[in-house]
Structures are given as C-alpha cells and as structure tokens.
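Trainee: Residue-level listing of the chains:
There are 4 protein chains.
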Amino acid sequence: MTAATAEAPPRQGQRLTAVADLKQPGISEGDNAMIVVMQAGSQESHIDAVLERLGEHGLRGHLVRGEERTVIGVVGAAIPATLKEELEHFVGVKETVRITQPYKLVSRELRPQDTVVDVRGAKVGGGSLVVIAGPCSVESEEQIMASARAVREAGATMLRGGAFKPRSSPYTFRGMGEHGLQLLAQAREETGLPIVTEVMTPNDVDLVARYADVLQIGARNMQNYQLLEEVGRTGLPVLLKRGLSATIEEWLLSAEYVMAQGNPNVILCERGIRTFETATRNTMDLNAVAVAKRRTHLPVIADPSHGTGKWYLVPPLALASIASGADGIIIEVHPDPDRAKSDGGQSLNPENFAALMPRLAAVAAAVGRSA
Amino acid sequence: MTAATAEAPPRQGQRLTAVADLKQPGISEGDNAMIVVMQAGSQESHIDAVLERLGEHGLRGHLVRGEERTVIGVVGAAIPATLKEELEHFVGVKETVRITQPYKLVSRELRPQDTVVDVRGAKVGGGSLVVIAGPCSVESEEQIMASARAVREAGATMLRGGAFKPRSSPYTFRGMGEHGLQLLAQAREETGLPIVTEVMTPNDVDLVARYADVLQIGARNMQNYQLLEEVGRTGLPVLLKRGLSATIEEWLLSAEYVMAQGNPNVILCERGIRTFETATRNTMDLNAVAVAKRRTHLPVIADPSHGTGKWYLVPPLALASIASGADGIIIEVHPDPDRAKSDGGQSLNPENFAALMPRLAAVAAAVGRSA
Amino acid sequence: MTAATAEAPPRQGQRLTAVADLKQPGISEGDNAMIVVMQAGSQESHIDAVLERLGEHGLRGHLVRGEERTVIGVVGAAIPATLKEELEHFVGVKETVRITQPYKLVSRELRPQDTVVDVRGAKVGGGSLVVIAGPCSVESEEQIMASARAVREAGATMLRGGAFKPRSSPYTFRGMGEHGLQLLAQAREETGLPIVTEVMTPNDVDLVARYADVLQIGARNMQNYQLLEEVGRTGLPVLLKRGLSATIEEWLLSAEYVMAQGNPNVILCERGIRTFETATRNTMDLNAVAVAKRRTHLPVIADPSHGTGKWYLVPPLALASIASGADGIIIEVHPDPDRAKSDGGQSLNPENFAALMPRLAAVAAAVGRSA
Amino acid sequence: MTAATAEAPPRQGQRLTAVADLKQPGISEGDNAMIVVMQAGSQESHIDAVLERLGEHGLRGHLVRGEERTVIGVVGAAIPATLKEELEHFVGVKETVRITQPYKLVSRELRPQDTVVDVRGAKVGGGSLVVIAGPCSVESEEQIMASARAVREAGATMLRGGAFKPRSSPYTFRGMGEHGLQLLAQAREETGLPIVTEVMTPNDVDLVARYADVLQIGARNMQNYQLLEEVGRTGLPVLLKRGLSATIEEWLLSAEYVMAQGNPNVILCERGIRTFETATRNTMDLNAVAVAKRRTHLPVIADPSHGTGKWYLVPPLALASIASGADGIIIEVHPDPDRAKSDGGQSLNPENFAALMPRLAAVAAAVGRSA
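Residue numbers (the numbering used here), protein chains in the order written: chain A, 1 to 371; chain B, 1 to 371; chain C, 1 to 371; chain D, 1 to 371.
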C-alpha cells in the first residue's frame with residue numbers, strides 16, 4: 001500500500017496486513033475532493049451554474065463527460081465543509097459526494113506512527129497491553145480500597161472508578177462527587193495505580209482534573225463539545241468513549257475536538273453500540289477497533305463490561321478485544337458485585353478478574369504484543 | 001427539477017414538491033458513473049495501473065488532478081457492477097464511489113409516469129386509495145367469511161388472509177394450506193373482493209396463483225430470488241413487502257427481479273424495519289414511502305399492523321401512511337382478535353376498523369387523493 | 001380499557017382508539033412489580049437466598065411453583081431501581097424482569113389529562129396545531145428578519161433559530177452566540193413570534209433564558225443531565241428532542257429529569273432516529289409519536305427536517321406527523337437554502353413552506369384538531 | 001451456577017467463566033412461565049376474565065397482590081406460544097411477559113455437553129479449531145483448483161465455494177450451478193478437503209446434497225423455513241448463517257427447524273449484522289458467539305470476511321473470533337482477489353491467508369483449544 005520505492009504497480013500480492021505496513025512516511029495532510037454528479041440529460045446552463053458557484057469559492061471544477069451524463073470533479077485543500085450540501089440541491093444535480101475525511105489531526109495519513117500516551121509512566125499505545133480495572137462507582141472508602149488492592153494484586157495498570165455517574169433515571173445513585181475523588185486519590189496513594197475517572201460537565205473539569213490522571217468522557221457525552229474542548233485545554237490524558245450510536249467517523253471527529261485544543265493525549269475506547277439485538281446490553285463492535293487502529297495514530301482500548309452488560313461475557317470479549325488489536329481494556333471489577341450500587345451485573349469479582357489476567361497476557365503474546 | 005425550456009439556471013425558488021413535478025419527460029436510462037480517488041501522494045504508476053484496468057473493460061478514465069491528490073472519473077453505460085470492488089484495493093487507491101442506482105426497470109428516471117396495477121378492476125397507484133384488510137391467517141370458514149363480510153361492509157378494496165404462514169418457531173400454527181386458499185376463493189365469490197395471499201416457496205407458486213389475485217411476498221422472503229423470479233413469471237400482481245432490514249435500494253432491486261421477468265405489476269409495501277426501539281414490534285419507516293414514491297413509478301402501500309405490532313397504534317399510523325403519500329394500506333382485521341391464532345395483538349376488530357375507514361378517507365381527501 | 005363502571009369483563013369490542021379514551025381518572029401512581037424466574041431444577045437454598053435478599057429491602061416475595069420451575073413475584077412501590085440487576089446474578093436465578101416504567105411525573109397513569117404548555121399565549125398540546133419554523137442557524141440580521149417575516153406571513157406559531165450550534169466537526173460554523181440571541185429578540189419584537197432556541201451547556205442557560213421563550217435541548221444533549229436539571233430550574237418551557245438512538249423510555253426519563261426540578265412545561269420532539277437506512281439522514285419514527293401520546297400527558301411535536309434530511313421529503317412527513325397525532329411540527333425554513341451556513345439541504349424556502357401550511361391545516365382538520 | 005451438592009446459597013464467589021462450568025447435568029427441559037401484569041386499580045372482574053381464559057387452556061394463574069396492583073403468574077410446560085399476545089389486550093391488563101426460550105432441541109438446558117459435528121472425519125465443535133477457506137464463488141476449474149491447493153497447503157480444514165449465489169441485483173454473476181458443484185467435487189478428490197457450499201432453494205437440495213459435505217444456508221435464507229426443513233431431512237451437516245438482522249433467539253429457532261427434522265448436525269455461523277455503521281460492510285457481533293456458546297450445545301463458527309467486508313480487517317477479526325470462543329472460522333480466499341467475480345474486496349490472497357494460519361493457531365492455543 002505504500003512502497004515508496006516501488007516502480008511497477010504493486011497488486012494484492014504486496015498487500016500486508018500489519019498496521020505497521022500502513023504507515024506512509026512523508027505524506028502530508030493532502031487535499032480534499034468532491035464530486036458533483038449531474039442528472040442524465042442535464043443542461044449546459046445547469047453545469048454552468050455549478051461551475052460558477054465553485055468559482056465563488058475559489059475552486060475549479062473539472063468536467064468528465066459521458067454520452068448522456070456529466071460529472072464535475074473538484075480537488076483542493078480549501079473545499080468548505082458545507083459545499084456538499086450547498087450544491088446538492090442545484091437544479092440538474094443528481095448527487096454530490098464528499099470523498100475525504102473531515103478530520104485531520106487524528107488521522108494516520110497526517111501522522112503515521114503510533115501515539116503513545118504516557119500516564120504517570122504507564123504507556124498506552126505502541127505495543128503494550130494496558131488493563132484499567134475497578135468498580136463502576138466509588139461507593140465507600142472500604143469498597144474502593146478493596147477494589148484497588150485487588151486489581152493491583154492481579155496486575156492491573158490503572159484504577160477506574162466513577163465519582164460522578166450519568167444515570168438514565170433521576171431517581172438512582174449518581175455518585176459521591178468530590179469525596180469520591182478524594183477516595184480515588186487515597187487509593188492511588190496506597191497502590192501507586194494511576195486513576196481514571198469520568199467528568200460529566202464543563203464546570204467540573206477543573207475539580208476532576210485536580211485528582212484524576214486520566215479524564216474519562218462517557219458515551220453519552222461524546223458529542224458534548226464544550227466538555228471536549230474543556231478537557232482538551234487541561235492537557236491531561238483523555239479517555240474518549242464512543243457514543244452509543246456514533247459512527248467511527250463521528251468518534252474520530254470528537255477526538256479531533258480535543259486535539260484541536262493542543263492536547264495530543266487522547267485514548268479512544270470502544271464500548272459497544274446500540275443495535276436491534278436485546279440479548280446483550282450493547283453490541284461490542286470490534287470491527288471498529290481494527291478500523292480505528294488503521295485510520296488514526298491514537299491508542300484504542302475496549303470496554304467489554306459495557307460492551308456486553310453481562311459479567312459472564314466479559315472474559316471472552318476481553319480476550320477478543322486484545323486479539324482484534326486493541327491496546328488494552330477497561331473492565332469493571334467490584335469486591336461484591338451482587339451488592340454494587342450500579343452495574344453489578346456486568347462486574348467481575350476479584351477472583352474472576354485474577355483468573356482472566358494471565359489469559360489476557362497469553363492472547364497478547366500470541367498476537368505479538370507485550371503484556 | 002427539469003425545466004426543459006429554462007435558460008437561466010433555476011435555483012430553489014423553482015423547486016416543486018409534488019411527485020408529478022419530478023417527472024422528466026424524454027430522459028433515457030442514462031449512464032452510470034464511478035469515481036476512483038487516489039491517495040494523497042500516490043505514484044504515477046498507481047494511476048497507470050487503474051487506467052490500464054479500466055481499459056481492459058473498454059472504459060476510459062478521466063484524470064482530475066489536484067496539488068497532491070488525483071481523482072479518476074469514469075462515465076458510461078457499461079460499467080460492470082463489480083468494478084467498484086475490483087478497483088477498491090489497488091495500491092494507491094484510497095476509495096471508489098459508485099454513483100448511480102443499480103436498478104433500471106423500476107426507476108422513475110426510466111418511466112416518469114405512475115404505474116397503475118389493475119386487480120380485477122381495482123386500481124392500485126395513480127391517485128386512488130386502496131385498503132386491503134382481513135385476518136393474518138385463514139383459520140376456518142366461519143372466521144374468513146365473517147372477516148370478508150365485515151371488511152367489505154366497512155368499504156375495504158381487497159381481502160387479505162394467509163394460508164401459508166412463515167413463523168419463527170417450528171412449533172406454532174403455520175396455516176391451513178390449500179384448504180385456506182379454497183376458503184379465500186369462497187369469500188371472494190360471496191363478497192366480490194379480490195384476494196391477497198402470501199406464497200412462501202417457489203414450488204407453491206402455481207398452486208397459490210390458481211386462487212390468488214395478488215401474490216404476496218413476505219418480508220422474510222424479500223431476497224428469496226428464485227421465488228421472486230417465479231412470481232415474476234406468473235404475470236400476476238405481486239405485493240412485495242420490504243425486508244426487516246432491507247435498505248430502500250435493496251427493496252427496489254428485489255422489485256427489479258420481478259420486473260426483469262416481464263411482470264410490471266409490482267406493488268411495494270413498507271411494513272416496518274428493525275431498529276433498536278423495543279416499545280413497538282417494528283419501526284414504521286414512512287420516510288421510505290416518500291423516497292420510494294420519488295425513485296420509482298411503482299405503487300407503494302403501507303402495513304401499519306406489522307409496522308407497529310399493537311392494535312391501538314394502527315389507526316394513527318394508518319392515517320400517517322396515507323398522509324405521507326402511500327397509495328393505500330394493508331391492515332389486519334379479525335372478528336375476534338383475542339382468539340386469533342396469530343397476530344391477534346395487532347389486529348383491529350371490525351368495529352374499530354369500521355371507525356377508521358372514514359378517517360382514512362378524510363385524510364386522503366386532505367392530501368388530494370380520492371378515497 | 002378503562003370502563004370504571006363495567007361489571008362484565010369487557011373484551012376487544014370495548015376497545016376505543018382515541019387517546020381521550022385511554023385516560024383513567026382516579027388512578028394513583030401505582031406499584032412497581034418485579035419477577036424473578038428461577039432455573040428449572042434450582043434448589044430451595046437458592047430460592048431462600050433470593051427471599052432473604054428481598055427481606056433486606058423490606059420486600060416480600062411470593063412464590064409461584066410449577067412442576068420444575070419456580071417464579072418469585074414482588075409487588076410494591078418501594079422496589080429499588082437496581083434490584084433487577086442485583087438479583088439477576090444470584091445462583092439459580094434464570095432471569096429477572098422489571099415490569100413497570102421507571103418514570104412517574106411524566107406518566108399518563110399519574111396525570112390522565114393532557115398538559116398544555118403556554119408559550120406567550122400560544123398553546124402547545126390539548127388539540128391545537130403548532131408550527132415552529134425558521135432557519136437552522138441565525139446567520140445575520142437580514143437573514144433572521146427575512147425568515148421571521150416569511151414564516152409569520154405563512155402562519156407559523158413560533159420562530160426557531162440557533163445561536164449556539166452543535167457540530168460534529170470543530171472546523172464548521174458554530175453559531176453567532178449572544179449576538180444571535182439579540183437578533184432573535186429583535187425578530188420577536190417585530191413579528192410577535194415567540195422564539196425557540198437551543199442551549200448546549202449548563203453555563204449558557206442563564207444567558208439563553210434571558211432571550212428565549214422556549215429552551216431547546218438538542219438530540220445530542222438528551223442525556224446531558226446537568227443541562228436538563230439547569231433548564232428544569234428556569235421554569236421556562238423546554239423543547240426536548242429525542243436522542244439519535246434513545247428509546248422512548250429513555251426520552252421520557254430525560255423529561256422526568258426536567259420535571260423533577262418542578263418544571264412541568266416540557267414539549268417532547270421526535271426528530272428521527274439512527275437506523276441502517278442511508279437513503280435518508282435519519283428515520284422518522286412516527287410510531288414514537290403515537291406511543292408517547294399514549295404514555296405521557298406531555299405534548300409531542302415532530303421535526304421532519306432532521307427526521308428526513310432532504311427538503312423534498314419534509315412536506316409528506318410533516319403531513320404524516322400531524323396525522324399520527326403530533327401536536328405540531330418544527331421545521332427548517334431559510335430565505336435562501338442554497339446559501340445556508342448549515343442544513344440548507346433540508347430547509348424549505350418560503351414559497352414551499354407557504355404552500356405546505358394549508359395542507360397541514362387540512363390534515364389537522366381531517367384528524368379532528370384545530371389548525 | 002449449578003452446584004448440585006451445594007447447600008448454602010452460593011454467590012458470585014462461585015461463579016465460573018469457562019463454558020464447561022455452565023453445564024448443568026440432570027436438568028430436564030423445564031417449564032415455561034408467563035406473567036400477566038394488571039394495571040394499577042384494575043377490577044376484580046378483569047382479573048377473573050384472565051383467570052377464566054387461562055382455565056380454558058388448562059392453566060392455573062397464581063395471584064400476587066400488591067397494594068394497588070396485581071400480578072398473575074403462570075408456570076407450566078403447556079403454555080401455548082400465542083398466549084402472550086392473546087392476553088396482552090384484555091381490559092385491565094398492562095403487560096404480559098413470556099419468560100422462557102421458545103426453542104428446545106438446540107438448548108444447552110436440554111443437552112449440556114457440546115455437540116461435535118463430524119464432517120468426513122473433521123470435527124466441528126468440542127475444542128478443536130476449524131478453518132473453512134476458499135473463494136466466494138466457483139469461477140472456473142483453474143480458479144477452484146488453485147484455491148483448493150492453496151488453502152490445503154496453508155492448513156485449512158475444509159474448502160468453501162459457491163455454485164449458486166444470492167445477489168441483490170439480477171444483473172450480476174449468480175454462480176456456475178451444477179458445473180460448479182462438479183468442480184468442487186473434483187477439488188475434493190484431489191485435495192481431500194470436505195466441501196461446504198450454499199443451497200438456496202428447496203428444489204436444489206437434492207442436487208447440492210449429492211456433492212456437498214456441508215450444506216450452507218445463507219444469511220438471506222435464515223428464515224426460509226421450507227429450505228430449513230428440506231436440509232434438515234437430508235441428515236447432512238448444515239452450516240446455518242445468522243440473518244443480517246436476526247436476533248440470537250431467531251437464529252436458534254431456525255436451527256430448531258433443522259433439528260426438528262431429526263438432523264442434529266447444525267453448525268451456527270455468525271457473519272455480521274446490519275447496524276448504522278457504514279465504515280464496514282456489517283458489524284461483526286462477537287457477543288453473539290459467546291452468547292450462543294452459552295445457550296446452545298451446537299458448534300459456533302464466525303465469518304470475518306462477510307463480517308467486515310474488507311480484506312485488511314479479516315485477520316484481526318478472525319483472531320478475535322477465536323478468542324471469543326468460536327469453534328472455527330470460515331474465510332474467503334481467492335488466488336487473485338482483484339479479479340474475483342464477487343467479494344474480491346473481502347477476500348484474502350493465498351499469501352495473506354498462509355500468514356494468518358499460524359497466528360490463528362497461536363491464539364487458539366492461548367485460549368486453550370487445539371489448532
């Protein structure tokens with residue numbers, strides 16, 4: 001796919017499947033392109049109207065004429081984002097097609113080599129295996145300390161735990177707030193594990209940033225743009241969950257919001273999408289892990305707890321996530337899942353988590369990545 | 001949108017919203033088009049390889065060059081259906097885009113005026129309102145005769161009823177078979193209503209065609225191609241339900257299968273698609289009615305019984321279907337829904353059906369169509 | 001379904017389809033219920049463990065024993081929201097099922113009669129037809145004044161226009177901010193139309209509330225809970241759009257967040273959901289309008305501009321929305337859609353909007369509602 | 001979860017995650033259960049009507065009374081499949097809930113130990129790793145022989161190849177028919193690989209069964225019930241692909257159709273579902289692999305070629321499939337994908353396939369299964 005020195009046109013025989021082979025050194029950001037397809041039998045005056053409008057934007061249209069249909073191509077870095085919509089409804093226009101991705105900073109075309117996010121010395125991306133574990137919510141000192149010790153002992157890289165919880169119903173437990181953050185800091189103090197915790201609203205960013213090592217943006221907030229910009233401004237690592245029904249492109253555009261504030265430390269997280277299937281809470285989309293690894297240089301992790309919603313499905317999907325190319329997983333572990341205030345049904349207990357860890361390492365090794 | 005005499009380029013002021021205005025007299029089937037977008041920085045040898053392959057197919061590529069990226073346009077009637085896939089994986093190719101629809105006979109571009117399907121004198125399409133009503137399944141002589149009389153009395157145009165039923169489970173009632181067809185014929189005899197009934201497998205087509213006035217293809221069989229071709233060969237009117245997760249394009253392609261056998265009598269039927277929403281059995285997609293009316297000349301009806309799955313949602317959605325432009329509806333009516341062998345929960349009883357009919361006529365009149 | 005005086009058990013013959021007939025006077029909020037299904041062959045000790053846990057919550061389980069399987073029923077107002085998850089993973093438990101809706105204040109069981117939201121004298125809900133129209137974004141004084149005059153002249157009830165715009169990409173137009181709000185106020189001054197405008201983040205609520213008559217919560221923010229509570233506290237009417245992939249239940253729970261702040265003035269808005277279909281921007285879910293009208297007393301409107309994404313599909317779907325029972329529509333109208341900074345492709349021009357208004361009134365009259 | 005000898009109620013500490021631990025020896029097929037939830041404030045006469053109807057079916061309802069709401073439980077093997085719908089619309093009934101799965105023969109509750117399907121000595125299920133590989137379609141003697149040799153050499157277990165192809169458009173290549181079957185048999189002759197090939201219509205079953213070792217049912221035909229019964233009657237192994245939008249329950253019910261004909265040799269195949277995501281052809285649902293392995297004793301394989309639609313995503317998803325618990329994969333391999341008549345874009349070339357095989361074996365070993 002790259003072959004900077006190849007002379008003869010290579011075909012599939014030369015295709016390589018490792019991500020490393022997809023890197024294209026020396027490729028700059030590149031142009032955008034748009035195609036305007038005229039209707040069969042459209043008139044010259046219709047074509048002229050399109051060309052004229054392109055001219056108003058400083059662009060030049062190139063005509064490709066068939067026997068009955070004409071297509072107008074436009075190539076250039078300066079195509080406005082709205083031009084597609086603008087031309088779509090001109091008389092005589094059948095369709096317009098925008099070709100290139102609307103994101104830049106997150107693109108592997110711009111930066112071929114993997115970004116490695118450093119979290120207090122732990123590396124996310126670039127070949128290592130990261131395991132972030134802990135309870136859905138911080139519920140008490142006893143609970144979070146027990147969780148932290150258990151996941152530390154089993155070999156986790158970081159501790160997760162929510163102090164602010166988004167809940168569909170206003171009548172359910174919504175987290176301990178700042179006191180929860182203090183307990184997380186205390187757990188870090190004792191175990192040395194960096195902490196990952198969610199921030200839900202721009203006003204809380206400063207507060208949460210005083211405690212957290214990684215700021216988590218939840219699925220429901222993936223398109224909360226003010227929040228994305230606010231966490232972007234902190235410069236702290238950001239764990240960006242994919243929205244429930246967000247396309248991969250939208251997910252990368254949300255990462256672009258964070259990076260556009262000058263913060264390169266974004267970790268993408270696939271956590272299941274909403275589909276017609278009701279046997280599981282969500283549908284884990286591991287295609288998306290592989291696609292994201294190819295399109296962007298950012299690290300990608302997976303959340304099999306939310307991706308499945310059932311504790312007994314977490315181990316097989318955690319293993320599958322690593323095999324699909326994820327740089328790590330984030331996983332819910334609770335010392336007593338049956339009594340958890342939230343997400344108990346999808347949390348592993350410490351024994352099952354400890355049993356999973358060597359299996360994760362074995363799969364990581366099998367796909368050539370260090371545990 | 002066409003304005004064969006307009007000189008100045010018309011803009012949105014000239015847009016008209018009635019379907020009639022979308023007709024474009026004198027437009028032939030037209031060309032297809034495809035676009036090959038090269039990667040930024042792709043080499044001349046890569047471009048040459050694409051051009052060479054196009055040449056093998058007798059096609060000529062037109063280059064549109066930007067500063068860093070090149071796009072290749074192809075226009076012509078003879079683009080093979082698989083060319084997009086073929087070129088997509090050439091080295092140096094970023095993306096290929098096929099522009100034009102893969103169907104022909106069903107397209108309004110080919111035939112601007114509405115097709116009107118004649119069913120024993122009843123007209124489907126072209127401005128009238130058709131109401132097809134009756135039970136999900138034929139269960140007994142008494143039940144089908146009672147149904148037929150009730151819907152006839154309320155003003156229905158045709159009688160529906162299944163003799164062969166597709167059921168998810170092998171352990172549920174699957175229809176009365178040929179005896180059910182005989183009972184339908186008897187009901188037609190008495191009431192004069194044409195009958196619509198499903199055929200599920202190619203081997204049954206001859207049998208069902210001996211009794212039915214309209215052959216129904218169920219949602220699960222929308223892509224049962226042998227069956228489509230078999231009903232196509234009968235020349236009888238075919239009611240083609242949209243598949244549970246079929247795109248509008250796939251639905252029209254299935255209609256193309258029937259028409260390709262020389263049978264122009266296809267009635268499309270939107271009956272709800274599968275989405276994440278679980279409050280209703282399916283999600284009625286009335287966008288699809290409006291899109292189909294625009295893209296094809298074939299009549300389009302809607303099935304609010306399957307589209308909602310709840311009897312109390314049938315009336316509002318039946319009214320909405322007509323308002324969205326449907327040429328009619330097909331609706332489940334049972335003399336005693338609580339004791340129906342299938343679909344009782346989504347069937348209207350005769351009283352509620354009779355109450356609905358004048359409301360349908362009122363909405364049809366409000367949107368300019370004869371009841 | 002109500003029949004407070006009926007003695008004999010009524011069956012479907014008594015079913016009535018008008019929403020009015022669904023009202024059940026004198027019904028209080030009612031209990032919740034939960035069912036715990038044990039596995040076939042589960043042991044007595046497993047059953048005891050469930051009963052014991054129920055006892056810890058002050059609940060009593062009722063056993064229903066079959067030959068091989070036992071089911072435990074729980075009925076009571078005080079069932080904790082998390083009990084389902086808690087019990088789901090007990091040994092010997094096959095499944096738990098929560099029966100009743102988790103929302104209260106929005107429920108028609110609690111309040112049978114329609115809520116009518118008063119917006120400067122305009123009534124939303126209760127039988128009238130509301131039309132909110134205007135551009136996607138406020139772009140300039142000239143543009144918003146032209147829009148306001150045009151929609152006023154055609155008979156719109158309120159003016160819409162965005163000053164703060166959520167956009168997938170950080171590189172596109174994001175609204176004029178407070179200056180946009182001032183222009184909206186100026187348009188209200190001249191035309192007398194109340195204004196509807198979006199607020200995107202809690203910090204902006206005070207600012208937007210100084211100008212707006214109705215605070216709009218966009219689809220992407222349907223589960224931005226801090227924002228919901230903040231707009232709840234203002235007491236102003238809130239137009240709550242359904243999220244792209246939100247279930248009807250989640251949508252109503254978000255309305256519950258607003259109402260739980262003491263603000264009863266919530267207007268629900270269906271605006272299309274995300275499905276597999278790509279021919280339209282979204283899939284308009286008119287089932288959801290009918291379901292919401294049945295489950296809640298709040299007014300429900302529909303947005304065919306976002307629901308379809310194509311201007312030429314807006315008229316049929318606007319008509320269908322009213323026929324399905326919506327209390328009104330919100331619709332994008334721009335004086336020059338081809339040059340709109342956002343959503344031009346789905347905006348009507350003033351001529352097409354003016355042509356639509358009498359057709360809306362005709363359908364409203366046909367379904368028994370005043371225009 | 002079973003613990004036949006445990007006395008104290010075990011909690012999550014005893015949970016085990018390996019499939020083997022889910023087996024429950026001695027559990028018979030068990031009862032079904034249904035719950036009828038009355039509305040708050042429903043009358044005694046309404047309750048009596050439900051009890052009376054249950055009595056007509058020979059069932060007894062058990063009342064669970066709360067302060068304001070009553071719930072009726074029914075447990076028994078003989079609950080008719082339609083009873084849920086039947087009662088749902090009784091006056092005073094709020095909701096009915098069916099608890100237990102409608103399938104029997106495929107259920108792991110009925111048969112705890114893994115089914116192993118024997119295909120000419122190759123074992124599918126029970127811990128081994130099966131790799132079925134070959135082109136989408138048989139195109140020529142040269143192509144299928146080259147394919148067979150290549151996949152044989154790389155270590156594949158069986159050869160796939162279509163002689164009858166379902167295609168969305170009537171204008172594309174639809175397979176070589178019986179001549180294709182003869183070429184497959186010739187390839188088996190030379191390489192010893194058993195052959196897997198699709199049958200599309202009941203009339204072709206006898207023909208295809210004369211050549212094939214495994215009869216494949218494609219995704220579009222998952223609910224073609226006559227076809228399912230016909231392949232059931234052959235007794236040959238059946239590879240049953242999950243439908244594009246089929247729930248896991250529907251997929252298992254289709255397997256039930258085959259087994260109900262006395263044919264226990266069913267191999268389930270997850271091949272991607274249709275979702276809103278357009279970056280990939282389908283969304284591979286590996287949750288479904290893990291769920292199916294838990295619910296049924298049948299072997300489950302995965303098809304990453306159709307599940308992703310892009311050759312470069314096949315290797316990571318093939319590895320992920322095995323890690324998620326699949327018993328094997330089916331994968332498209334073509335000697336010259338760029339010139340394939342169908343599915344070229346998702347086919348691996350022989351080099352990439354050969355490179356994948358040892359990686360699959362490594363992951364299989366890592367998750368404790370023999371390559």
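Honestly, the hints are just simulated from the structure, not real lab data.
Careful: at least some of the hints might be erroneous.
Put simply, identical chains are the same to the list, so a pair is met inside one copy or across any two.
SDA-like mimics (lysine to any residue), calculated; alpha carbons at most 25 Å apart, straight line [what the hints assert, rightly or not]: (1) K104 / N203; (2) K104 / R281; (3) K104 / E141; (4) K310 / Q113; (5) K84 / D118.
Remember, it's a predicted structure, so these values are computed and weren't measured experimentally.
Trainee: With reference to the structure, classify each hint as holding or not holding.
Mentor: These are the hints, each one checked on the structure:
Taking identical chains as interchangeable, the C-alpha atoms of K104 and N203 are never at most 25 Å apart, the minima being 28 Å within one chain and 29 Å between chains. Within a single copy, K104 and R281 get their C-alpha atoms only as close as 33 Å, which misses the 25 Å cut-off; across copies the closest is 24 Å, which meets it. For the identical chains of this complex, K104 and E141 are neighbours neither inside a copy (43 Å) nor across copies (33 Å), given an alpha-carbon limit of 25 Å. Taking the shortest Cα distances, K310 and Q113 sit within 25 Å of each other only across copies (22 Å), while inside one copy they are farther apart (36 Å).
For a Cα distance limit of 25 Å, the shortest separation of K84 from D118 qualifies neither inside one copy, at 39 Å, nor across copies, at 39 Å.
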